[in-house]
Amino acid sequence: MRRIALGVSVLLAVSHAAMAAAAGFAALVSPPRFELTSRAGTVVRQVFELTNRSAAPAKFQVHTADFTLGADYSVAFQDELQPDSCRPWVAIERPEVALPGGGTIRYRFEVQVPKDASAGECRFGILIEGEEPAVAQSGALRIPVVGRIGIIVYVIVGDGKPQIEVFGPQVITLNGQKVPALRVHNAGNAHARMSGFLSGTDAKGIKYDLNPSDLPILPGEVREVFLTPSTDGNDHPTLTFPVTVHGTLEWGHQSTELNERFE
Amino acid sequence: MIFGAGRALPLAAWLCGLWVLASIDAPLHAQTATPPLPASAPTYQDRYIAGGTLTPDISTGDYGTSDTSGLARSIRMDGVVSVLDQEGPDAPTRTHENGVIADAQWDTASYGAWSADAAARAGGSSRPGVGHDYGAVSFALHERGMPFDGGWTADNALGDINAPLINLARVQPRFLLAQGPMEGVESEWRGPSALQFVAGAGEPGIYDGIKVPTFQTLGGSTATLGAQWAPASQWALGGEFAAASDVSLYYQPLGTTFATERISSTTGFLTAAWQDGGSRAQINVIDGTVDGNGNSFGVWVDASRANGAVTQSFGAFRIDPNLAWGNQLITSDAQGGYYRVDYQSRRWLADFGVDQVSSVSGTGSSTTFVNGDARYQLYRDLGLGGVVNVRRSASASAWSAEGYLDNANSYGIGRGQLDYATDPQTRDATITLQQTWNMRAGTRLSTTTAVDRIRSTAITNFEQHSTVLRMAFYGGGDLTARLALDGSLQWATAVQGQAAPSRSADVSLTWQVARAWSVLASYYENRVGSWTPLVVTSPLAPPTAAAIAAAGERGVFLTVRYQQARGAHFVPLGGVPGSGSGRLSGVVYLDANENGRYDAGESGAANVTVILDGRFSVRSDSNGRFDFPAVAAGHHVLTVQADNLPLPWTLTNSGRTEVDVATRDCAEVNIGALRLK
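If you're matching them up, the sequences are chains A and B in order.
The first sequence runs 0 to 262 under numbering that gives the first Met the number 0.
The second sequence runs 0 to 676 under numbering that gives the first Met the number 0.
Among these hints, one or two may not hold up.
Output of the computed footprint for chain A on chain B, the stretches with three or more beta carbons under 8 Å from beta carbons of chain A [to be verified]: (1) 51 to 58; (2) 340 to 347; (3) 366 to 380; (4) 433 to 441; (5) 472 to 483.
Selected chain B positions facing chain A (Cβ under 8 Å, derived; list incomplete) [unchecked claim]: (6) Tyr47; (7) Ile48; (8) Ala308; (9) Ser312; (10) Phe313; (11) Asp659; (12) Arg663.
Honestly, the hints are just simulated from the structure, not real lab data.
This structure is a prediction, so every number in the text was calculated from the model and none was measured.
Glycine included, every Cβ here is placed at the ideal spot set by N, Cα and C.
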């Protein structure tokens, strides 16, 4: 079906809530992401809150979707059931929610992990869509807009965990600046996010803190983890290569020591 | 069906794990009128809990408003009933506190924001053989941000309020001048160059009541007058004068503590501040007299400098005894200095400080206080830290040390902590385990378990040993969308020795009955044990009231609340919220005699569009009259679209007319059209 995702990203790091606002669609969802654990044969029950932020009553459609991450971490949702999808384990409260102006629903969903489920990770999205399309007017153009909010749910089953392999150093350009990066392969069966405390020294002898990007690395994927430099009082310094980096790279409950030269 | 295949979401959205998508139809059809959207039925049929028959758990909204028509206004009314039992030698056995609280706020277009707060309490107390009924009220009316021309705004208030202070007196890092409560009037004016004038006068008093705040006057009178000014961008100067006549002295840090005698005081305060980027310095001078017993003088200097991750602050002070600010006792009879340095990085959080304090009169001993605090993040999920406090003086020395380990575990965030503190009378050692538990959305729980080993001679002259087990819970959550429970419980008992047990509880239940109506029920209980942890603090820290062992109280409160908010904050055309506004109106007319004036007998130009500042437009009525009822004060430009002018009339330069609008004034502008020749 012909649809183009128009990215409207909202960073609400403080409230940890996702909000979409367009004419006819103004909703707040909290939390925006679930990272849960479970065992085979158990049921995980959770609740998210959906608030209608507009003055008028609104209806929302709710359904699950599979998702994949693009090379640039863009997200693509698939309504069709994908191979190995765990959505058949998932039950949601209702397909449609009607909220008064300013109203909030505590929306329930559950994941029933089968008894014979093997260790790994169940991943899916819950999409909330405004029922009625609004019309955005731009000059002579009238463009129907449907607001959507996506919630991502990760459920680790049993002993599912990431297994990270770190390959050699490289230098990439990020937002116009050259930064060190590591190529990372997740050979495990659960997603990983990298973190850690790394220190570096560039060719001028200036010392930096380096912060690994914590974007999700799904099982089987190879990704670049870029190391963003900062110093006391400067969050966006320019590095002079070569740069040596050492410290501890962490993911999940695992870590590895890093001592690399980037040039 | 693939969503998101065409355009990528920014990486930043993933950093927080959230994104918002708005999907649009392919622009191939965008030139036409609204095309029908394709049905977005998913191709996978979801399963539904209980077949989709669950009753939806919906709340109907909070204090926020869904009605944005008109100016912002809100009202809240609480009806409160309560029963309070107290224990102690002089405490009444039972107290009732019943009353009504009403708060209202409303925006105006030209006179700032207003609020009125009122409370009335009735009730009584009883002790064996003694009964006492009482009633009390409080009321305050505030006006904030009333705009005037020239960049001036004013706040005014009357009723039970706090005495005003200039801003430079409020930003003191060490020594504060208190804004004493009073029943009276106050006014504050702010203008260009950071000009500020404050004035207030009234009868001092205190706020009283637990749930229903009422005001009790204490006799006498106070008055204050002050001003400040910024002669340059980096400098600010200020001064304030306070006087009190026949008032009871009030010492705020210890609660409602009054001296028995009544005093009169006059005090003056002068200050100068300099700020440049991360550096700041301020010098303050105070001079006053209490009951005419000679002048007392004080001076203190505070400075700070922030440089990257390091912030240093330091100061020196000398303040004579016997100083008051109105009826408020302030820190006096002290001299010394202090130095602080803070460091913050991704892994480190550390600070170190030294205070040196002695008395000016020589009646107290000299005290040195040293504090060190450091925390290091070893791994993402593991941090460790420690705190050391040393207080040394000729009369009593004390020190304490603390070490802790923070760990993000699979159950939440935990802390293990060891504490040791000692002074000449007490030695405390404590092991504490704290955990904030991972909970489902809308619920929270944290727990603390501690074992205290106490050796003390504070109560008797014989050393007593006790081992106390303490447990505490804090948690709550939304039981349903309309029902929320929150509470904390603390319990401690001696598993060895003679320490008296303590317990406290504070539990509240909130039920949203309807959109504007809610019921709040709360219970609290507090019984102080015979032991409280030894805390080693700076001599410059405000003293804390000592808890009375074995005294206790408990109470039940029930509140029925009605609250409603409507409207939106007023923004005049071309202005920002709170800016002054005036009215701009006039007539577009056909200047038949071409004298540039709207004369009797000349016709108005109906149905022409008048544009303000190229952005806001209105159409003239059948008489050619147009009206912008609320325009930001200042300079504006009017133009007219001449399309609807009857032939052969036209406007030169689109009728461009410049006009100045004053706050709460009405500017009248007539725009004449000329006959084409």
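A quick look at each hint next to the structure:
no. : hint       : result
1   : 51 to 58   : holds (count 6)
2   : 340 to 347 : holds (count 3)
3   : 366 to 380 : holds (count 4)
4   : 433 to 441 : holds (count 3)
5   : 472 to 483 : holds (count 3)
6   : Tyr47      : holds (6 Å)
7   : Ile48      : holds (5 Å)
8   : Ala308     : holds (4 Å)
9   : Ser312     : violated (18 Å)
10  : Phe313     : violated (21 Å)
11  : Asp659     : violated (35 Å)
12  : Arg663     : violated (31 Å)
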